[in-house]
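**Q** Given only the sequences and the hints, what does the whole structure look like? Please build it.
Number of protein chains: 2
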Amino acid sequence: MSTLRVWAPEAATVEIEAGGQRHALVPLAGDWWEAELPDLAAGEDYAYVLDGGEPLPDPRSMHQPHGVHGPSRVVDPGSFDWHDADWHGVPLAGGVIYELHVGTFTPEGTLDAAIGKLDHLATLGVDFLELLPVTAFPGQHGWGYDGVALYAVHEAYGGPAALARFVDAAHVRGLGVILDVVYNHLGPSGNYLERYGPYFTQRHQTPWGPAVNYDDVGSAEVRRFVVENARMWLRDYHVDGLRLDAVHAIIDTSAVPILEQLAADVEWLGAHLRRTMFLIAESDLNDPRMVRSREAGGHGMDAVWSDDFHHALHAVLTGERSGYYADFGELDHLATAFAEGYVYAGQHSAYRGRIHGRPPVLVPTYRFLGYLQDHDQVGNRARGERSAALMSQGRLRVGAALVLLAPFTPMLWMGEEWGASTPWQYFTDHDDPALADSVRRGRRAEFAAFGWKPSEVPDPQDPATFTRSKLNWAEVTETSHAELLEWHRKLLALRRAEPAFTDPQFQHVSVSYDEDAGWLVLGRGSTMLVVANVSRERQLVPIDGTPIDVLAASAHGFAFAAGAVEIDGESVCIVRLSQFG
Amino acid sequence: MSTLRVWAPEAATVEIEAGGQRHALVPLAGDWWEAELPDLAAGEDYAYVLDGGEPLPDPRSMHQPHGVHGPSRVVDPGSFDWHDADWHGVPLAGGVIYELHVGTFTPEGTLDAAIGKLDHLATLGVDFLELLPVTAFPGQHGWGYDGVALYAVHEAYGGPAALARFVDAAHVRGLGVILDVVYNHLGPSGNYLERYGPYFTQRHQTPWGPAVNYDDVGSAEVRRFVVENARMWLRDYHVDGLRLDAVHAIIDTSAVPILEQLAADVEWLGAHLRRTMFLIAESDLNDPRMVRSREAGGHGMDAVWSDDFHHALHAVLTGERSGYYADFGELDHLATAFAEGYVYAGQHSAYRGRIHGRPPVLVPTYRFLGYLQDHDQVGNRARGERSAALMSQGRLRVGAALVLLAPFTPMLWMGEEWGASTPWQYFTDHDDPALADSVRRGRRAEFAAFGWKPSEVPDPQDPATFTRSKLNWAEVTETSHAELLEWHRKLLALRRAEPAFTDPQFQHVSVSYDEDAGWLVLGRGSTMLVVANVSRERQLVPIDGTPIDVLAASAHGFAFAAGAVEIDGESVCIVRLSQFG
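These protein sequence lines are chains E and V, in that order.
Counting along the first sequence from 1, when you hit position 462 you're at 487 in our numbering, and nothing is skipped either side.
Counting along the second sequence from 1, when you hit position 108 you're at 133 in our numbering, and nothing is skipped either side.
If you're looking for bench data, these hints aren't it; they were derived computationally from the structure.
Be a bit skeptical, because a hint or two may be false.
Note that identical chains are pooled: a pair holds if it fits in a single copy or bridges any two copies.
Here are the simulated SDA-like pairs of lysine to any residue, each with C-alpha atoms no more than 25 Å apart in a straight line [said to hold, decoys possible]:
#, residue 1, residue 2
1, 515, 113
2, 515, 111
3, 478, 113
4, 515, 132
5, 495, 147
6, 142, 379
7, 515, 298
8, 142, 111
9, 142, 110
10, 515, 30
11, 142, 78
12, 515, 405
13, 515, 294
14, 495, 140
15, 495, 85
16, 495, 448
17, 515, 110
18, 142, 48
19, 142, 113
20, 515, 571
21, 478, 253
22, 478, 402
**A** Here's what the structure looks like:
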């Protein structure tokens, strides 16, 4: 027997359409409506009808087998088959994240196909797989940030049961799963939420239109919709953590901000399910409140993406200075990120034209995610070039070492570990021709500002743009790719073997550099040094201490003595110092 | 090859005695001494000689096979055989602790014998086993708080390898292990630490003599000694958490108190080992700083024992009012504990003659341990009576429900689950006759103040006192014990099944009571009520809501209607309310 409930505060009547018939729902307290349908079993389709109008998908539909515009299908999460009974989660601290997009991770582009790559990831040495959004969006393929059925798993990825199979297979291999969820906007097409109630408010605006209503009339139920969505992934799909997309676009003036409410709810659920769970925010606010504990007045996020570190590293390694890279480009920026977390922590940002950020005092290092690339930094380029296409093999290895041995929680973007040669471009599959055209033109206009001709910018709607963005796994075994993969494995093993590399305290980080000479030395604890030479010349890098061992080196031509390491241009080596000075 | 190092800041020469020979150690920086002994293998004995004196055990000896006064034995922790490779720890939040004393838990009194009872504990439904101290102390048996070789596992319990086997066996069954460690004093006999350096200071006094030196000259190395001790249990023995004994007897005026340093170090180790680990403090300070996070200015303990809740519950159920129970005895005290954590949070305490405590604002409920009894509350009675000997079977069931469905992290004391009839008394096995006599006389004098005759107080040194304190597992299957065991299992299952019972927020706790009538209703979330009647009479208890289900009841004679539950005297029932009021 199925009991269906839906919140519809503005409707005079609510019906359910199932099996060719309509049944009236009865009103409950709080503008909820309920129906008992003894014959509606898992696997059957249904839709709601408000005030006698057209059938609409359930706002909390777990399955949209006919797409986001079609009827919803009943799912019984109890029917998922689990093999992870002993899984209590894994702490985020000390872990390494691998970000992937299901549609382009494998040729098939499904969750089941992704299971076939889990052994590769376990061997690589990462701890968590972070999936770009898997909620249902219109069309077959896309990045996933245009999701509209927030409780449903995208059909082209395999639907709800496939997500459960993926998480289960990951857990069996000791890998945790993080899901990217978008609570700041809905996609421009297929958004039926607003038909049901005040899910959006005109009080605040986002880059994608009216804001989700977290603090206006009726927001209590909207907040509940979001909180229970988070619960569903963590409880029904055994997901370990959520990555909250662009929380700077969530405007909430409530005394208990929705982020804090989510954090409290995750604490509640973790205590019940006896599992370690966490929330990671994507925020460009450089505000330490994001990751401060709730008792210390913060939002209680477990970690936050750190674009400052990315930008500092990217600008140094590529020499790019356009757009937001204008604020970066010196080794000094990179050194500041290593030593303090944010680069902009109260200083004036030329790119933003305002003061930006605040020092993250007392925040442990692992609460910042550090990366050389991510889906945005690659895909938001006109042609979607990865780091491997933008710098020398030597610099790529330096970048890998500075990410994987950084104080932060490292994150790799799928294919980064072998320097995938495929681009990752902006692709869409909008079914609304006007929207498709607008997206195409918007993309071209955006990059025209940077000097790109329209013909040089791939057409997001062209299926080839999507296909071109799929990883080519055949290249993994080619020598240069295999060597880079081995370099990543080596660094990840080193990170795990030496506690200094997961030390959570910024106080134990030291940095020295020479801007003109082009070298930087990152010290972790009292005995570990990452000596990076980003210049083209071989040079003598002064260090404070006596090396007794080289733990890894990206080039063979190094030498060391008390007080100095000599290394090749565009190379990095990791040395252990004598603990007795 | 063995490299041995020891800190001996006051010695002019340090030698090692092994294999009948003495070898000189060479001084290192920081008053450390070192020797390389290629022939000293695991399993071989050695001792240090300072300034040509008598052989002394190693302060960091992991094994004292001949007792605490004898030579130390080399242990290779790498030789422990582990089967818990997938173990990443279990969060404390939502868990249940079972406290046990190895020597009296089984007839054999060993860690290996305790392994034989792990299935009983897993079936019971607890999550963590907390061992009373297992560090080496003089004599064969004792509570363990007289430990002197803080890095060694007591030989009578099976020594180091036995502890590793125990933890491994627990992990394989999904059970975590917490170790009780004593960092506030050393036992009165066999303490050789002071020969090596300034491990103690006259600057502060404890009930057991000079305080451990955490803030005086030379304290850096003493603190390191303690921090590395904690690390050893967590790293080498895979222990999940430490219970820090009587931290109110640790006086540390440093800017970074040792507790905070320990918490930071555990965070560091957890990030390296990728395991959930925690620290629980025993503190009678009622100071929320203990469990506040470090970033919020606290010591960062994960939880603290809550004697206030114990005293409130014990006094209500037994009617006892002597000693510290003078501050308790009303349902109002119990209600305050449920609703706010501490009973004394800034009020005047008649027993202490001063203002006591501070409100634990924003502290999650699970950071308090709640118990009806513990080793101290039982063993520190003149005759070591357990709760089962002090109250009716009905009240015992009420007590179990109020502990296991409380907002706190529940803790059971070994045998409590079946109402063990054996006492747990104060027993010692001091090898120093003068000390033995002093302990015996001290014990009698202590209880003379409460009207006990000397002959009524068991002699701690009498081996029969120890033997009498061992659990009698034969009684588990006797009907009345088996029924009580079933009651505990049922409550533990209920706690796990209903998220309201592990809800971490005090705001979601409600309490009503009638002091004269003798009933108390504990509300968890909006739909769970624990209705307790501690009077002897059957009565009608008013409640706020409409019961729709009885989840458990300790007596059959209950009835319910909207707004009221009628239950027998000295009984408890747990009802679910309609969520629609």
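**Q** The structure should be examined with respect to each hint, and the outcome stated for every one.
**A** Hints, one by one, checked against the model:
1. Only between protomers do residue 515 and residue 113 lie at most 25 Å apart by alpha-carbon distance; the minimum there is 23 Å, versus 28 Å within a single protomer.
2. Within a single copy, residue 515 and residue 111 get their C-alpha atoms only as close as 29 Å, which misses the 25 Å cut-off; across copies the closest is 22 Å, which meets it.
3. In the homo-oligomer, the alpha carbons of residue 478 and residue 113 never lie at most 25 Å apart, since the shortest distance is 52 Å inside one protomer and 53 Å across protomers.
4. In the homo-oligomer, the alpha carbons of residue 515 and residue 132 never lie at most 25 Å apart, since the shortest distance is 28 Å inside one protomer and 51 Å across protomers.
5. For a Cα distance limit of 25 Å, the shortest separation of residue 495 from residue 147 inside one copy, 21 Å, qualifies, whereas the shortest one across copies, 48 Å, does not.
6. In this homomeric assembly, residue 142 and residue 379 never come within 25 Å of each other (Cα to Cα): the closest approach is 45 Å inside a single copy and 65 Å across copies.
7. For the identical chains of this complex, residue 515 and residue 298 are inter-copy neighbours only, at 18 Å across copies versus 35 Å inside a copy, given an alpha-carbon limit of 25 Å.
8. For the homomeric pair residue 142 and residue 111, the shortest alpha-carbon distances inside one copy (23 Å) and between copies (20 Å) are both at most 25 Å.
9. Taking the closest pair of Cα atoms, residue 142 and residue 110 come within 25 Å of each other both inside a single copy (22 Å) and across two copies (22 Å).
10. Taking identical chains as interchangeable, the C-alpha atoms of residue 515 and residue 30 are never at most 25 Å apart, the minima being 52 Å within one chain and 32 Å between chains.
11. Proximity of residue 142 and residue 78 under a CA criterion of 25 Å is satisfied in neither setting, with 46 Å inside one chain copy and 64 Å between copies.
12. Taking the closest pair of Cα atoms, residue 515 and residue 405 never come within 25 Å of each other, the shortest separation being 30 Å inside a single copy and 56 Å across copies.
13. For the identical chains of this complex, residue 515 and residue 294 are inter-copy neighbours only, at 21 Å across copies versus 37 Å inside a copy, given an alpha-carbon limit of 25 Å.
14. Proximity of residue 495 to residue 140 under the C-alpha cut-off of 25 Å is restricted to the intra-copy arrangement: shortest distance 16 Å within a copy versus 52 Å between copies.
15. In this assembly of identical chains, residue 495 and residue 85 lie within 25 Å of each other by CA distance neither inside one copy nor across copies; the values are 31 Å within and 56 Å between.
16. When the C-alpha separation of residue 495 and residue 448 is checked against a cutoff of 25 Å, the pair qualifies only within one copy, where the shortest distance is 8 Å, while the shortest distance between copies is 70 Å.
17. Only between protomers do residue 515 and residue 110 lie at most 25 Å apart by alpha-carbon distance; the minimum there is 21 Å, versus 32 Å within a single protomer.
18. In this assembly of identical chains, the alpha carbons of residue 142 and residue 48 never lie at most 25 Å apart, being 46 Å within a copy and 57 Å across copies at closest.
19. Taking CA atoms no more than 25 Å apart as the test, residue 142 paired with residue 113 passes in both settings, with 23 Å inside one copy and 23 Å between copies.
20. Within a single copy, residue 515 and residue 571 get their C-alpha atoms as close as 23 Å, which meets the 25 Å cut-off; across copies the closest is 62 Å, which misses it.
21. For a Cα distance limit of 25 Å, the shortest separation of residue 478 from residue 253 qualifies neither inside one copy, at 45 Å, nor across copies, at 63 Å.
22. For the identical chains of this complex, residue 478 and residue 402 are intra-copy neighbours only, at 20 Å inside a copy versus 80 Å across copies, given an alpha-carbon limit of 25 Å.
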